[in-house]
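Undergrad: Start from the sequences, fold in the hints, and give me the full structure.
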Amino acid sequence: MLLGSGLKNVYSMEGGIRAWKGMVAHGLPEAGMAYFSPAANAEEVVGLAWALEEGSGLFYQGLSKHFSSDAEAQKMFSWLVTAEKNHEKHLLETYETLVGARPDFEKLRVKFSDKLSGTVMEGGILVEEALAWVKDKGVSEGLEVAIALEVNAYDLYVKMSRAIDDKQAREIFETLAEEEQVHLEKLSGLLDKRA
Amino acid sequence: MGVMDYFTSVPSMTADEAKKFLAEKKPDEYNLIDVRQPGEYEGDHIPGANLIPMSELKSRLQEIDPDKPTVVY
Chain A
1 MLLGSGLKNV YSMEGGIRAW KGMVAHGLPE AGMAYFSPAA NAEEVVGLAW
51 ALEEGSGLFY QGLSKHFSSD AEAQKMFSWL VTAEKNHEKH LLETYETLVG
101 ARPDFEKLRV KFSDKLSGTV MEGGILVEEA LAWVKDKGVS EGLEVAIALE
151 VNAYDLYVKM SRAIDDKQAR EIFETLAEEE QVHLEKLSGL LDKRA
Chain B
1001 MGVMDYFTSV PSMTADEAKK FLAEKKPDEY NLIDVRQPGE YEGDHIPGAN
1051 LIPMSELKSR LQEIDPDKPT VVY
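As they're listed, the protein sequences go chains A and B.
Our numbering applies: residue 1 is where the first sequence begins, and numbers increase by one.
Our numbering applies: residue 1001 is where the second sequence begins, and numbers increase by one.
Everything labelled a hint here was simulated from the structure, so no lab data went into it.
Keep in mind that a hint or two might mislead.
[To be verified] Heads up, simulated SDA-like pairs for lysine to any residue below, C-alpha to C-alpha not over 20 Å straight-line:
#, chain 1, residue 1, chain 2, residue 2
1, A, LYS21, B, LYS1068
2, B, LYS1025, A, GLY22
3, A, LYS75, A, SER188
4, A, LYS167, A, LYS75
5, A, LYS186, A, HIS90
6, B, LYS1026, A, TYR11
7, A, LYS135, A, VAL110
8, A, LYS75, A, GLN181
9, A, LYS21, B, ASN1050
10, A, LYS65, A, LEU191
11, B, LYS1019, B, THR1070
12, A, LYS167, B, LYS1068
13, B, LYS1058, A, SER12
14, A, LYS75, A, LEU126
15, B, LYS1019, A, VAL182
16, B, LYS1068, A, GLU174
17, B, LYS1026, A, HIS66
No experiment lies behind these values; they were computed from the predicted model shown.
TA: Dropping the structure here:
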């Protein structure tokens, strides 16, 4: 069907998902995407993404504290706290470059305060729930949760970059996806080392 | 689309080739389509894949950019 539909270079992946040895994301297409409307403008997208990054930062802060006796893991999670902060900063800079002004966060806070305010992180996961789960777990599980979070965030940002109408907002999602990939590489590197 | 299109097989790539292909490109340079059912997609899917179940493919073809290479699984 796909060949006769005008699509160029169509490839079927042999063995499907069972043959896939890379990372996988979970959840239905609506998961996480519900926070973003396809008609959202750059300001809304930045505001929401910023709030989700804030939640991720709090999660990594919690992990960093929880694994404080493991120097290497503690260093990794602290790095992620900083990375999320830089991510937020980068998000603001991207917005300013694209739109020529700073987003009105107070306005956005009021608009989305019931959903966000640091309670939800990237991938649409609740910060408290994730931290409660990790409480009696080891470093590998902590890294696995962090990887799952980052994979889902990457998944969300890529899909949003395709679904969003606004060109500027699309570029923001593309940047976010690229940055999530860097986080993923670092986390996977440490998990491989520990395995 | 002619009747013969139903009998022509789509070129394939192995999972390793697909992984390399996706890693070398930016997400906006390809289409990645999961044609399974929503429940299967929910369980696990390749990050960035768009869900278009096989049964909906014909009616949702406009969601796929025809100018970009497309990987389906």
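Undergrad: Let me make sure I understand: some of the numbered hints might not hold for this structure. Which ones are they, in numerical order?
TA: 1, 4, 7, 14 and 17
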